[in-house]
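Enquirer: Sequence:
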Amino acid sequence: MRDVLIVGAGAVGLALAARLLDAGLDVVLWERRPAPTGLSRAIGIHAPALDVLAEAGVAEQVVDEAVLVRRGIARTRDRVLGVVPFDGVSPRFPFVATLPQARTEEILHARVEALSPGSVRRGTTLLSLVEESDGVRVTGVVDEPGATGISGALDRSGAVGAAGTPSTGAPARTSTSAVEETARFVVAADGSRSTVRDLLGITAPLRSYPDTYVMADLLDTTGAGPDAVIHLERDGVVESFPLPGGLRRWVVRTDARVVDPTPEQLAAVVEHRTGVAVDPSTCSMISSFAVRRRLADRTVQGRTILLGDAAHEISPIGGQGMNLGWLDAGRLAQVLIPAARTGAVPSEALARFDAARRRRARWAARQAEANMALGRPTSGTAASVRDALLTGALRSPARGALASVYAMRMLR
380 MRDVLIVGAG AVGLALAARL LDAGLDVVLW ERRPAPTGLS RAIGIHAPAL
430 DVLAEAGVAE QVVDEAVLVR RGIARTRDRV LGVVPFDGVS PRFPFVATLP
480 QARTEEILHA RVEALSPGSV RRGTTLLSLV EESDGVRVTG VVDEPGATGI
530 SGALDRSGAV GAAGTPSTGA PARTSTSAVE ETARFVVAAD GSRSTVRDLL
580 GITAPLRSYP DTYVMADLLD TTGAGPDAVI HLERDGVVES FPLPGGLRRW
630 VVRTDARVVD PTPEQLAAVV EHRTGVAVDP STCSMISSFA VRRRLADRTV
680 QGRTILLGDA AHEISPIGGQ GMNLGWLDAG RLAQVLIPAA RTGAVPSEAL
730 ARFDAARRRR ARWAARQAEA NMALGRPTSG TAASVRDALL TGALRSPARG
780 ALASVYAMRM LR
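If you're matching positions, the sequence shown starts at 380 in my numbering and goes up one per residue.
Note that these hints are calculated values from the structure, not bench results.
Glycine residues also receive a C-beta, built at the ideal position from the N, C-alpha and C atoms.
A hint or two may mislead.
[Stated by the list, open to error] Here are the simulated distance ranges between beta carbons: (1) E439 to W742: 26 to 34 Å; (2) V509 to G467: 47 to 55 Å; (3) G681 to E643: 27 to 35 Å; (4) A493 to Y588: 34 to 42 Å; (5) E643 to T518: 45 to 53 Å; (6) P584 to R500: 28 to 36 Å; (7) L768 to G467: 20 to 28 Å; (8) V509 to P589: 37 to 45 Å; (9) L768 to R720: 28 to 36 Å; (10) A647 to W742: 33 to 41 Å.
Can you make the complete structure from the sequences, with help from the hints?
Expert: What follows is the structure, given as structure tokens:
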């Protein structure tokens with residue numbers, strides 16, 4: 380019997396695996412996707428999350444490769460409203476590190492493989508899990524790309540056909556074989572559409588917001604260097620963050636969801652609102668997104684625990700989502716490491732974990748809502764009042780508190 384089976388080998392699942400493996404636990408990860416997505420996605424890594432990555436053995440490499448953002452600048456087209464310095468948020472990591480999520484996941488994957496070669500099982504789809512007296516029995520299927528036969532084939536709806544018999548309509552591209560594992564604990568790090576959460580019957584009410592955005596990575600010609608710059612403009616926020624390789628991530632609020640955004644559209648919005656010219660021909664990634672919130676009613680059921688987006692999906696504005704998942708992983712590791720060694724279910728510790736992490740997820744969701752509200756279109760007196768209040772706060776002792784909130788010190 381394994382100590383822990385993690386469903387999902389994204390940033391959060393890999394970080395937890397690295398921490399548990401480093402402590403000597405027997406861990407395996409099931410990942411449905413046959414390969415990493417390679418998408419840039421989340422980029423900001425806050426100081427408390429870097430503490431967790433240090434425990435996983437990867438913080439030093441992440442910091443070496445990242446851009447270290449030591450201050451954020453809030454401004455309008457015409458003037459600087461104030462500066463948020465991060466030098467006081469952590470003695471060890473007095474900055475926000477920016478690194479594309481895909482690269483962070485590569486670093487974490489390499490760490491997991493170094494600790495336990497072959498422990499990441501890609502192409503493995505979870506089908507069921509049943510809690511037993513001393514563990515959780517998990518079943519699934521493993522895709523075998525390139526094979527010509529089909530054994531227990533999955534049809535397009537995800538149903539499993541009889542062994543050796545193709546299900547109706549299934550293309551003969553892969554074969555699948557059944558797999559079964561038993562682990563003392565199962566951790567669901569399988570994202571916002573969590574299969575584990577659905578199998579357990581845990582509800583996660585969904586709330587949608589009217590806010591929509593386009594984001595893109597372009598060559599940085601702003602001269603802003605390692606600073607994060609937040610333009611609070613009348614037509615909506617424009618954010619930019621430095622990235623390795625001389626790139627800059629741009630995020631602009633839009634009036635409605637843009638289905639197929641182009642670099643030229645984004646460049647036009649940036650220049651119109653801020654006066655900053657960017658070169659659309661240097662775009663390496665562009666996408667649009669809407670915002671929603673989903674908080675699971677509980678994150679623990681017996682020996683199974685929800686983690687990351689499986690437990691809570693919040694607005695990406697403010698860069699808290701991935702970091703919150705890592706903070707959850709750090710706390711969960713403190714529970715699972717001693718529990719795996721004894722084999723007992725630490726019911727009280729897991730109950731405290733559940734209550735604390737759901738409380739912090741609600742806090743993070745409210746903070747993300749405040750971030751979105753600050754960046755919504757405004758004009759006239761409302762805009763002047765907003766700018767004056769923010770200027771006053773960023774030139775007062777409250778500036779340090781704002782830095783701590785942004786750096787997620789309250790969500791450890």
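Enquirer: Which numbered hints does this structure break?
Expert: 3, 9
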